[in-house]
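Okay, here's what each chain looks like letter by letter:
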Amino acid sequence: MTGGWVRNGIAVDGAEPTEPAVVWWLQAPSKHADLRLPHDGTDGLMCFAGTTTWREPSLTWVPELQLEASAFEDTGICTWDGADLLEAGSFAEGSRTVSYVERWQRLPGSGGEQLALSTEGGRLVRTGDYALTVLDTRASGGDFVCVAWVLRESGWVVDHCWPPGAQAPPPPTHVEQEPIVTLADGRTWTVEEHRKAVSSRG
Amino acid sequence: MSALSSFQQIPIIDVAGLFGTHEQQLAVAEELGKAAREVGFLYVTGNGVDQALFDDLLAVTKRFFALPLEEKMKTYIGKSSNHRGYVPTGEEGGYLDKDEAAPEQKRADLKEAFDLSLDLPADDPDYLAGNPMVGPNQWPDLPGMAETVNRYYDAVLEFGKVLLRGFALALGEPADRFDALVTKAPSQLRLIHYPFDPSAEDRQGIGAHTDFEVFTLLKPTEPGLEVLNGAGEWIDAPPVEGAFIVNIADMLEIWSNGAFVSTTHRVRKVADERYSFPLFFNVDYDVLVSPLEQYVREDGSNKIPLKAGEHLYAQTVQVFTYLQKRLKAGEISMPEVWMKTNSFGREAELARESTGAADPTLATTA
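Chains A and B supply the protein sequences, listed in that same order. Everything in the first sequence is counted per the numbering used here, starting at 1 for the first residue and increasing by one. Everything in the second sequence is counted per the numbering used here, starting at 1001 for the first residue and increasing by one.
Keep in mind that the hints were calculated from the coordinates and are not lab data. Every residue, glycine too, gets a C-beta built ideally from N, C-alpha and C. Careful, some of the hints might be misleading.
What the hints assert, rightly or not - In silico lysine to aspartate or glutamate, DMTMM-like type, Cα no more than 25 Å apart, as pairs: (1) B:1062 - A:153; (2) B:1307 - B:1273; (3) B:1074 - A:178; (4) B:1325 - A:43; (5) B:1062 - A:43; (6) B:1074 - A:43.
To be verified - Computed far set for chain B versus chain A, every beta-carbon distance over 12 Å: (7) 1021; (8) 1022; (9) 1037; (10) 1059; (11) 1068; (12) 1078; (13) 1088; (14) 1110; (15) 1125; (16) 1138; (17) 1142; (18) 1150; (19) 1273; (20) 1325.
Input sequences plus hints: build the corresponding full structure.
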């Protein structure tokens, strides 16, 4: 389940699936980052980064940084539908428990190098040609920002972000064995996880 | 009602004669009519649309879809009141597989699109009056895109008007029978991008459906389109050099009272990156389309009259997430008469044959 995923439909309480947001979930070996940017307005805006645990058949996402705290444990029961991952779970809406099923599809080109970096109030997760940088500096009077990157021929470019115009460093161009790296924001980031791309034979 | 055959191949018709003498037009019309009755799909060559216009369209479309999502979302279709602009992945949910059991099992694909139509000025009276399908396009800040796309649109629309005359003749009507019905029609052009998707082998993409307008003029860059024949088999409709793929759509099925069939088609998922450009040729929004007099049956089993624009709008509302949200919020409403998606076409007919359900496209059962 590692790699980059884009949500393509959420069915709530058995209703027809819809997709009102751009949702990326990037999963390094154990670290994740997730940005949910609604197509219109901010209703449903979410962003979090943390550690994922797998206990068959459930995935649990434990946030370490999050835009808005949730009292609900984020656990989903996962099944496969062809190459798609279906995640079923529930959340509280007032006094009611609402069930949902989310359909996740592979982001094309997200199967390469996996990298998770951490700094004080920051997490960066890269999976192949995609990356999310999450920075929470609200404790020191700053903002919560998240930038979604894609790797083009020209290098990393911002694909979308929250809030509009958000600034955050892109992934490093090259990482080998070093335990820490310095990113474009001048800060040092610890390499939490690094899995090099598996090169194909032949 | 239709004579839809168990065709294994889609006919290729040289329609250059439509630009010629009346006799030449009639000869082409005869071929068009045979294809429309027996297949519902055809390729048309000799259409006079310059290949360079398509090459330019493809190039600018690639530039647009390569923009960051943030840029593309500046023209998000949900920001328009007349259904124009960028359609992100997942926005369009209505063409999902219909044969899956539970809603959450319905599969969508990763396609994104840019939707446009006849680019009317912002002071168009129908647009100002709140017509949901006519008015100006939204354009991104991409130099040359509007001009390039509109050049292609105008050329294909002009050819569409010629082809409409061919279909009029094929129906046994005067060539100019429908001319006055196309003054500022909501004929949508979609620029569709299917990203490279290595997991896509042998999977269904856009689910089976018919098109809502009169006919569609399609240019894809790769194979993937499949058409349902009379035996319920899916037949490949790969691109052919210099040709448009034409399919009969719902309005021609009504005019011909089912003699021409709005053929069910679908898009198979392919791993290769793919672009597709359908122009859905329509008549004006308020045109009431009903069976032509010569096709009316005395037993009363006649197709229901529908306003062309309202039919398009009602189908669109059922397919797009942002319109569903507006509908639920009470900001928009459905037209007085509307069909559920997949009411027309061969697949719907086959399903009715197996279940014995009534045909909702007939005036007697609607």
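Tell me, in ascending order, the numbers of any earlier hints that this structure violates.
-> Going through the list in order, the structure violates hints 2, 3, 5, 11, 12, 13, 14, 19, 20 and respects the others.
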